[in-house]
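Colleague: Listed here are the chains, written in short residue letters.
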Amino acid sequence: MSGIETAGWDVIVAGGGNAALCAAIEAAETGARVLVLEGAPKDYRGGNSRHTRNFRCMHRGPLSVLTDSYGEDEYFDDLIRVTKGETDETLARLAIRQSEDCLPWMERHGVRFQPSLSGTLSLSRTNAFFLGGGKALVNAYYNTLEDLGVTVRYEAQVTHVHIENGQFEALDVTLDGESLRISGRALVLASGGFQSDIDWLARAWGPSARNFLIRGTRYNRGVVLADMLDQGAESVGDPTQCHAVAIDGRAPKYDGGIVTRLDCVPFSIVVNRDGDRFYDEGEDVWPKRYAIWGRLVAAQPDQVAYSIIDSRSVELFMPSVFPPEKADTIAGLADKLGLPADKLAETVEAFNEACGEGSFSPQELDGLATEGLEPPKTNWARPIAEPPFYGYSLRPGVTFTYLGLKVDETARVSGPDGRYANIWAAGEMMAGSILGQGYLAGFGMTIGTVFGRIAGQEAAAHVV
Amino acid sequence: MSFDAATQSPPTDTISEARRQVEICNACRYCEGFCDAFPAMFAERVFGEGDIVQIANLCHNCRGCYYSCQYTEPHEFALNLPQALADVRVDSWDRYGWPGGLGALFQRRGVALSAALVAGIALLFLAQAMLTPANGEGFYAVLSHTVMVAIFLPAFLFPMVVLALGLRAYWRDVGGAPVRWTHLRRAALRAGQLKNLDGGQGQGCNFEKGDRYSQARRHAHQATFWGFLLCFASTSSATLMHYLLGLEAPYGLFSLPKLLGVPGGLLLTLGAFGLAGLKLKADPQLGARNAWGGEMAFVLLLGLTGLTGLILYAVSGSGAVPAMLALHLGAVLTLFLTTPYSKMAHGFYRFAALVRDAQQRQA
Numbered sequence: 097m098s099g100i101e102t103a104g105w106d107v108i109v110a111g112g113g114n115a116a117l118c119a120a121i122e123a124a125e126t127g128a129r130v131l132v133l134e135g136a137p138k139d140y141r142g143g144n145s146r147h148t149r150n151f152r153c154m155h156r157g158p159l160s161v162l163t164d165s166y167g168e169d170e171y172f173d174d175l176i177r178v179t180k181g182e183t184d185e186t187l188a189r190l191a192i193r194q195s196e197d198c199l200p201w202m203e204r205h206g207v208r209f210q211p212s213l214s215g216t217l218s219l220s221r222t223n224a225f226f227l228g229g230g231k232a233l234v235n236a237y238y239n240t241l242e243d244l245g246v247t248v249r250y251e252a253q254v255t256h257v258h259i260e261n262g263q264f265e266a267l268d269v270t271l272d273g274e275s276l277r278i279s280g281r282a283l284v285l286a287s288g289g290f291q292s293d294i295d296w297l298a299r300a301w302g303p304s305a306r307n308f309l310i311r312g313t314r315y316n317r318g319v320v321l322a323d324m325l326d327q328g329a330e331s332v333g334d335p336t337q338c339h340a341v342a343i344d345g346r347a348p349k350y351d352g353g354i355v356t357r358l359d360c361v362p363f364s365i366v367v368n369r370d371g372d373r374f375y376d377e378g379e380d381v382w383p384k385r386y387a388i389w390g391r392l393v394a395a396q397p398d399q400v401a402y403s404i405i406d407s408r409s410v411e412l413f414m415p416s417v418f419p420p421e422k423a424d425t426i427a428g429l430a431d432k433l434g435l436p437a438d439k440l441a442e443t444v445e446a447f448n449e450a451c452g453e454g455s456f457s458p459q460e461l462d463g464l465a466t467e468g469l470e471p472p473k474t475n476w477a478r479p480i481a482e483p484p485f486y487g488y489s490l491r492p493g494v495t496f497t498y499l500g501l502k503v504d505e506t507a508r509v510s511g512p513d514g515r516y517a518n519i520w521a522a523g524e525m526m527a528g529s530i531l532g533q534g535y536l537a538g539f540g541m542t543i544g545t546v547f548g549r550i551a552g553q554e555a556a557a558h559v560v
Numbered sequence: 458m459s460f461d462a463a464t465q466s467p468p469t470d471t472i473s474e475a476r477r478q479v480e481i482c483n484a485c486r487y488c489e490g491f492c493d494a495f496p497a498m499f500a501e502r503v504f505g506e507g508d509i510v511q512i513a514n515l516c517h518n519c520r521g522c523y524y525s526c527q528y529t530e531p532h533e534f535a536l537n538l539p540q541a542l543a544d545v546r547v548d549s550w551d552r553y554g555w556p557g558g559l560g561a562l563f564q565r566r567g568v569a570l571s572a573a574l575v576a577g578i579a580l581l582f583l584a585q586a587m588l589t590p591a592n593g594e595g596f597y598a599v600l601s602h603t604v605m606v607a608i609f610l611p612a613f614l615f616p617m618v619v620l621a622l623g624l625r626a627y628w629r630d631v632g633g634a635p636v637r638w639t640h641l642r643r644a645a646l647r648a649g650q651l652k653n654l655d656g657g658q659g660q661g662c663n664f665e666k667g668d669r670y671s672q673a674r675r676h677a678h679q680a681t682f683w684g685f686l687l688c689f690a691s692t693s694s695a696t697l698m699h700y701l702l703g704l705e706a707p708y709g710l711f712s713l714p715k716l717l718g719v720p721g722g723l724l725l726t727l728g729a730f731g732l733a734g735l736k737l738k739a740d741p742q743l744g745a746r747n748a749w750g751g752e753m754a755f756v757l758l759l760g761l762t763g764l765t766g767l768i769l770y771a772v773s774g775s776g777a778v779p780a781m782l783a784l785h786l787g788a789v790l791t792l793f794l795t796t797p798y799s800k801m802a803h804g805f806y807r808f809a810a811l812v813r814d815a816q817q818r819q820a
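Top line first, the protein sequences correspond to chains E and L. Residue 499 in the working numbering sits at position 403 of the first sequence, with consecutive numbering throughout. Residue 614 in the working numbering sits at position 157 of the second sequence, with consecutive numbering throughout.
Looking at chain E on its own, in the form it has when it is part of the complex:
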């Protein structure tokens, strides 16, 4: 037996990640009776938030662990650069402006920040890192909810939203093997994207998506999103697109998180299954290029690629969780990676011969480029010549999907007949409204916190 009341709730929150928790806290603090339905088991609560590490925050002067200042316009420019203009400016500026108030609010609700992590100094001005990472933030918020007396149920999968005449009435929920109908006066939807539903991903992207790895939670299956779209809720974001980066090919199918990232590409040559290079590895510094490599690898046969370096480059990037394959000859390395040895040797030799003279400088665009090679390598083109040689396999790792619910400045969702009377959305589920493409580090948590809080406040105001 689930032992849960099926009526009398003021605000029901579908989801259990950052946005859902912020909404639930805001609503509960007004005195509303709040129910949180988290689809994941307790061990995996928190959706993708449990894998995050920081919060991108506007600030007019030093704030908490953030140095200097980071103004609205600079923040917005950084966003426009990655989304190539595919951004709702009103919502984006709202998220940016409110982020400054959010940081102290987060601290008041138990979140602790720490100085920028070693290896991430470039973010010390713009991004506030969570002490212990996103799971510590998630724990802090669940503890806050417990103190507020909010009811939280895990492994509670919402399967259908009952909407009549533009008004939310009740939810169908599977809980402890039972199917329940739980009614409430307002609904906040914050249950993420659909990237963990591999069938859906394959329908959207094509069959090659079955070889993609999912960097975050396995519980973002888009069940509620699909239900809302079926009922004619207004959507936003390209349904065929997902944010994918190149990660270690040996990463687990789900939940590999941060440790599976590989930062070796700029100092390597990257070949496909057949031993051929296919893109300029040194086009720009890695933080500006890692996001396109998911797509590049996805376009290769079997959706796999191999990054090859020599002993001089092995300490130039953050260690990955899996040690690289290692051999004293290129042929030996090809063997270990399962690549055609002759072809790989030929590719490396052609690359080495095309490398020009100049000084190699790993921390900046050094202009050390190949000559007469196709595709070229335009920076850090140093011969791969000093054994032992190392190789990593790369696969596309999906971070999130762009398709979501369209919301207004009050986080309210719209249906076929205009705005729903009492349905709000927050987090990844509506992030497509702001992130049309690309990604800006720490901005997902900003959207989740800002719109989660707005959704919670608005939902509570509706019922109180």
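It should be emphasised that the hints constitute simulated quantities derived from the structure, not laboratory data. The hints are all genuine.
Here are the simulated DSS-like pairs of lysine-lysine, each with C-alpha atoms no more than 27 Å apart in a straight line:
#1 E:138 <-> L:736
#2 E:138 <-> L:666
#3 E:180 <-> E:384
#4 L:736 <-> L:652
#5 L:738 <-> E:138
Please build the complex by placing chain L on the supplied structure of chain E, with the hints as guidance.
Modeller: Just chain L, lined up with the frame of chain E:
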């Protein structure tokens, strides 16, 4: 006696497991701000056995990293860094304590420590029965000063020699450099404040309340630690008064030994029983495997030492003195003699680790 075996042995299972986990941590780094163990870890790319032992001894088992970790079970990476490092620590103290094997016995078996306690108390009763002094005041009427010194001087010196040799081997394994005043100063400040149990920002550690932070363990440990030092200072002051000033026990309430010893005994008793109570509520899976019993027996022994000392003072002049004296001195004797092999050893190795960490930060 040779300590070379410790340095030449192949990596143990506990070292390999800790290395596996530390390499995952080094690719993540989310926990950098919790304690000294993480910056020490993130300064390396390859982890030798000495590096792992040093990181393990820096870890104070605050557990903040476990509750924050996205890779704990049921995740396939199965991280449980507090336990992995605790296992390495317990193994390392056993390896460094001569003769080997006694560490494993007293660290892991509460029964062994209890048996040692019974033996210690029995020895004191026996000494009282066989060596009744001709005269003397207070407890010296029960057991003469000479006999006490004859028992406790070796019981104090032997463990110190074993610990010194163990620390020397530790220092060699972790690649320690000559110690300078600044290293000792930083280590003493961090040990004295239990900086590595404050969660990095003073919010405390994760122990009896799971994923909520709490100061309870740090406070109980502070009471135990400072209480123990006060008691030790009390005994030392009495020794000096005895030999240098010719002032013999019993001492009045406003004498130095009592002014140090009474608050010290109270702190030690409250702190140690407090630690035992917290240990009952905490998750045993985050401590060293198979060491819970030995650790529990050890904190209870500490508490008993403090408590019997206070009772001994309270009953002075009554017929209960001989029995309480045997209980108290038996507990003290056991505590001293097992120091290199019980959880008591952690204080010495952890201080050495803090000194080494101060060196590495300077480098």
